[in-house]
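Visitor: Protein sequence lines correspond, in order, to chains A and B.
Position 117 of the first sequence, counting from 1, maps to 998 under my numbering, and the rest follow consecutively.
Position 87 of the second sequence, counting from 1, maps to 968 under my numbering, and the rest follow consecutively.
Errors might be hidden in some of the hints.
Note: identical chains are not told apart, hence a pair may lie in one copy or across any two.
In the PhoX-like style, the derived pairs of lysine-lysine whose C-alpha atoms are separated by at most 25 Å in a straight line are [to be verified]:
no., residue 1, residue 2
1, K1093, K1203
2, K983, K1053
3, K991, K1203
4, K997, K1174
5, K991, K1174
6, K1225, K1203
7, K991, K1053
8, K1057, K983
What the hints contain is simulated information worked out from the structure, not anything from laboratory work.
Quantities reported herein were computed from a predicted structural model and do not represent experimental measurements.
Number of protein chains: 2
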Amino acid sequence: MIKFSINKVAFQNALKITKQAIGSKVTIPALTKLKITVTAEGITLTGSNGQISIENFLPASDKDAGMNISGTGSILLEASFFESVVSQMPELTLEFEELEQKQVLLTSGKSEITLKGQDAEIYPRIQEISQENPLKINVGFLKEIFTETVFAVSTQESRPIFTGVHLVLSDKKNLKAVATDSHRMSQRLLALENDGSDFDVVLPSKSIQSFKNVFTNDEEDLDISLANNQILFRNERISYYSRLIEGTYPDTNRLIPNEADYSLNLVFDVAALRRTMERARLLSNATANGTVKLTVSGDSVITTANSPEVGSVHEELTAIEKTGEDIAISFNPQYLIDALRVIKEPEVRIRFISNVRPFTLLPKNDTDSFVQLITPVRTN
Amino acid sequence: MIKFSINKVAFQNALKITKQAIGSKVTIPALTKLKITVTAEGITLTGSNGQISIENFLPASDKDAGMNISGTGSILLEASFFESVVSQMPELTLEFEELEQKQVLLTSGKSEITLKGQDAEIYPRIQEISQENPLKINVGFLKEIFTETVFAVSTQESRPIFTGVHLVLSDKKNLKAVATDSHRMSQRLLALENDGSDFDVVLPSKSIQSFKNVFTNDEEDLDISLANNQILFRNERISYYSRLIEGTYPDTNRLIPNEADYSLNLVFDVAALRRTMERARLLSNATANGTVKLTVSGDSVITTANSPEVGSVHEELTAIEKTGEDIAISFNPQYLIDALRVIKEPEVRIRFISNVRPFTLLPKNDTDSFVQLITPVRTN
């Protein structure tokens, strides 16, 4: 039966990572549990909500964990309750001992807490993925392309394929991430340093959120493997499994306009444009169609929004660069705010075709590795 | 018609204070508005939710406000929307100009926002309170006695009188604050430095919350006046009105035991006892009656809680001092945690009569200025 002592902080940190995969709203009761597996080599903490699964291994050799294992086995404990108990234990060392009938005695200083556990046999098996030559990707790069695209996914479950980010590896090295909710689109291309087998998958946006909380070291490389409609991201300790969204993602390349079609090219300061849109949003939120109007006429660029009930906004914008024809175009300022938020360069290039065709955004000094697209709203 | 310019930050800070009195859930639509009154002397911002009203005066002479008044009058604006607009204006100076038909033009840099206002005549009149010799009390003292008592008010609207803090001034100088929800009680006595007319009122706990956000300078004195079932706290700029709870507060003095009745006296470290109770609460929350049991036997003091479904806790406590008889008593640990939270001294004295009578808590070096009382739960 399980028996070990461990540094409380190291154990808490490991619990925190595994808990990213454990939801409170799950249909299978076993999935509210944490699975603890102890071998002579160390302790594995497993959690799953059915969509995401995390296996987190704490090696006995880890000096920070101050681990002393004197009994092995597996057990299930109520995850959220167990985490609260561990975090409130009084001393820096925690003793964990399995008693008869799946009871667990936790001791720390003068505090003794007994918890009812369950047989680990009832825990669903996580289907392992093994791939001979997994693709290696830097965590920082992955987070970057996730951040640049995931905000544009659809939140409507009616078309599930659009609730994820489309990830494509082609020619073994060219990674593309793209997301769209049919009103706007964000696409990022990245040439990888390592080779891998081509893939074409759709990763749920929820998995992307917890991915960011699980892999916190941006410097390290992860192994990526695919099988059985699942993706596995793995480093030395953590195996992070996510289900993929089934279905075929539509071809988004055809949405990006041809260079020749653009009639107007503007460059703005990202922060200034974003603040203008935030002010305009205050008013546009109160209007029927929720739009602002951008009117470009000669050297003048004016943003307006008008709500008959609440009031109106009128603001002059400074375009750093303007080439092309005048335009008056209406759109939802929230889409532009979201788009500007993920542009790290100080200046953005916005190009228009007409007031009924989507317009595109690029960081000013970018050509095509990070392109965003926003569809205007037709107004009278 | 109103016309002024003002420093945005000074104006925002003034708005923030007044907004404490403006609720979004009000039955009278005018009470979602902010009333702005401009005279040659300065700007008054008035807000009210029917229970609390704040009049906040910004004098024209305030150098931080950089005010320039060129037109006077009164107008109503949607409070929460107006605050958002002001906070997002681009430059440090804000121009405010009333146009025709109660429209307001705000200008800051290149941003122009027009808002629809309403006639200030529809705003309910705040009944003024004037008292010749108002009582002067230090803000810091008031906050202290509020903090020490307000947590013990009842949250059940069925007995409204218990949802407020009972404030009594007797013999012109002796202030008493007391709150009880019938399971626990907290009472604080304070001898004032200034004289005032005796009073006996019940202040709603919600008013105490916003009071703390409105009066932020603990060093200053406030004038307190009473009339028409209202209390007024006032400094040079801010008049803070609160309705009082009608009815007679029961006599709580008779609840405090006589010295002679105590059979057991214990002294604990406040922080250590609180952490023990927080651990015990993890388990007691899962039990039917939500209690922990404290067993005092000779030199041993043990806290236990036991839930047949979840598990149990068993913890030895160190009593710094023990005199009297042994006891085993059950109570809701949340009450003890709340009580310990407001004790600023490092040690607390707890005295028991029997396992069915309320026990009392005092900061160890206190005799009777701050006493708390907790009723035990009878268990089998």
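Visitor: What label fits K983 with K1053 when the C-alpha limit is 25 Å: within, between, both, or neither?
Guide: neither (49 Å within a copy, 65 Å between copies)
Visitor: What label fits K1225 with K1203 when the C-alpha limit is 25 Å: within, between, both, or neither?
Guide: within (21 Å within a copy, 64 Å between copies)
Visitor: Checking an output row: K991 and K1203, CA cutoff 25 Å. Within, between, both or neither?
Guide: Answer is between; shortest inter-copy Cα gap is 19 Å, intra-copy 72 Å.
Visitor: Indicate which option fits the pair K997, K1174 if close means a Cα-Cα distance not exceeding 25 Å: within, between, both or neither.
Guide: between (62 Å within a copy, 20 Å between copies)
Visitor: At most 25 Å between C-alpha atoms: does K1093 with K1203 qualify within a copy, between copies, both, or neither?
Guide: This pair counts as neither: shortest intra-copy Cα distance 38 Å, inter-copy 52 Å.
Visitor: Is the C-alpha distance from K1057 to K983 at most 25 Å within one copy, between copies, in both cases, or in neither?
Guide: neither (48 Å within a copy, 54 Å between copies)
Visitor: Is it within a copy, between copies, both, or neither that the alpha carbon of K991 lies no farther than 25 Å from that of K1053?
Guide: neither (58 Å within a copy, 50 Å between copies)
Visitor: How would you label the pair K991, K1174 (within, between, both, or neither) given a Cα cut-off of 25 Å?
Guide: between (67 Å within a copy, 16 Å between copies)
Against the hints set out earlier in the document, violations occur for numbers 1, 2, 7, 8.
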